Amino acid sequence: MANKPLDTAVLDRAIIFAVKAHAGTERRGKGYPYIVHPLEAVEIVATMTKDQELLAAAALHDTVEDTDVTVEQIREEFGDRVAALVAAESDEMPEGVSEEDSWHSRKQAAIDRLSKASLEAKMVALGDKLSNMRAIARDYAVQGDKLWNLFHAKDPKDHEWHYRGLAGALRELEGTFAYKEFENLINQVFA
1 MANKPLDTAV LDRAIIFAVK AHAGTERRGK GYPYIVHPLE AVEIVATMTK DQELLAAAAL
61 HDTVEDTDVT VEQIREEFGD RVAALVAAES DEMPEGVSEE DSWHSRKQAA IDRLSKASLE
121 AKMVALGDKL SNMRAIARDY AVQGDKLWNL FHAKDPKDHE WHYRGLAGAL RELEGTFAYK
181 EFENLINQVF A
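Numbering (the working numbering), first residue to last: 1 to 191.
Keep in mind the hints are simulated off the structure, nothing from the lab. Do not rely on the hints blindly, as some may be mistaken.
Said to hold, decoys possible - Cβ-Cβ distance ranges computed for the label pairs, FRET-style:
| hint | residue 1 | residue 2 | range |
| --- | --- | --- | --- |
| 1 | K157 | N184 | 17 to 27 Å |
| 2 | V97 | G175 | 18 to 28 Å |
| 3 | V71 | S105 | 12 to 22 Å |
| 4 | G144 | R27 | 15 to 25 Å |
| 5 | K180 | R138 | 13 to 23 Å |
Unchecked claim - Only pairs whose alpha carbons sit at most 30 Å apart, straight line, appear in this in silico DSSO-like list of lysine-lysine:
| hint | residue 1 | residue 2 |
| --- | --- | --- |
| 6 | K30 | K157 |
| 7 | K116 | K146 |
| 8 | K157 | K146 |
Please read these numbers as outputs of a predicted model, since none were measured by experiment. Glycine is no exception: its CB is placed at the ideal position from the N, C-alpha and C atoms.
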């Protein structure tokens with residue numbers, strides 16, 4: 001009995017959509033294409049689920065926040081479920097307030113949103129946050145405290161507060177390898 005081929009049509013379309021949306025952009029301070037981050041998020045989410053719509057949402061998670069793509073466009077292309085998962089992962093920028101000045105309130109809102117989110121939304125978020133934490137851990141090992149100058153918030157204590165808050169909001173996933181890695185990296189960087 002041959003294995004049935006995996007239907008990756010939704011994920012494949014999402015990856016292509018994300019590649020186009022992020023085309024020509026660089027991951028801040030990294031020197032490599034931005035799309036590397038969403039693809040790493042997909043890989044992390046794939047350790048927790050084979051659900052193609054969750055994997056698609058991981059590929060698309062930054063399109064609304066970081067490009068001119070709207071939640072409505074995601075809904076039209078990928079349906080309500082994927083659009084809702086992407087929306088749950090997108091920071092809302094307050095009008096007339098700089099990214100620096102709104103950083104703390106946006107991060108608190110994200111922690112609060114994640115605390116109440118579905119398990120599926122938490123999986124997509126963990127893919128994003130673990131990818132970010134891996135990059136921070138790698139860069140911190142090389143640059144030390146100079147790393148924090150790349151961010152809108154320059155104080156490492158702000159980042160520790162943010163990531164520990166995220167870990168609390170995502171604790172429902174503590175039985176997964178991804179969550180354990182996330183927690184270990186937070187403890188390593190912010191020891």
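Hint check for N184 and K157 - Cβ pair distance inside 17 to 27 Å: For N184 against K157, whose Cβ atoms are near 20 Å apart, the range 17 to 27 Å holds.
Restraint status (C-alpha distance of K157 to K146 at most 30 Å): Roughly 14 Å between the alpha carbons, so the hint for K157 and K146 holds.
V97 paired with G175, Cβ distance criterion 18 to 28 Å: At 38 Å between Cβs, range violated.
Restraint check for K30 with K157, where alpha carbons must lie at most 30 Å apart: OK: K30 and K157 at ~22 Å, within 30 Å.
Pairwise beta carbon distance, K180 to R138, judged against the given window 13 to 23 Å: Holds: the Cβ-Cβ distance is about 18 Å, inside 13 to 23 Å.
15 to 25 Å as the expected CB spacing between R27 and G144, which holds or is violated: 20 Å, holds
Range agreement (Cβ of S105 with Cβ of V71, hint 12 to 22 Å): For V71 and S105 the Cβ distance comes to about 21 Å; the hint holds.
Proposed proximity, K146 with K116 (alpha carbon, max 30 Å): 34 Å, violated
The structure does not agree with the numbered hints 2 and 7 stated previously, though it agrees with the rest.
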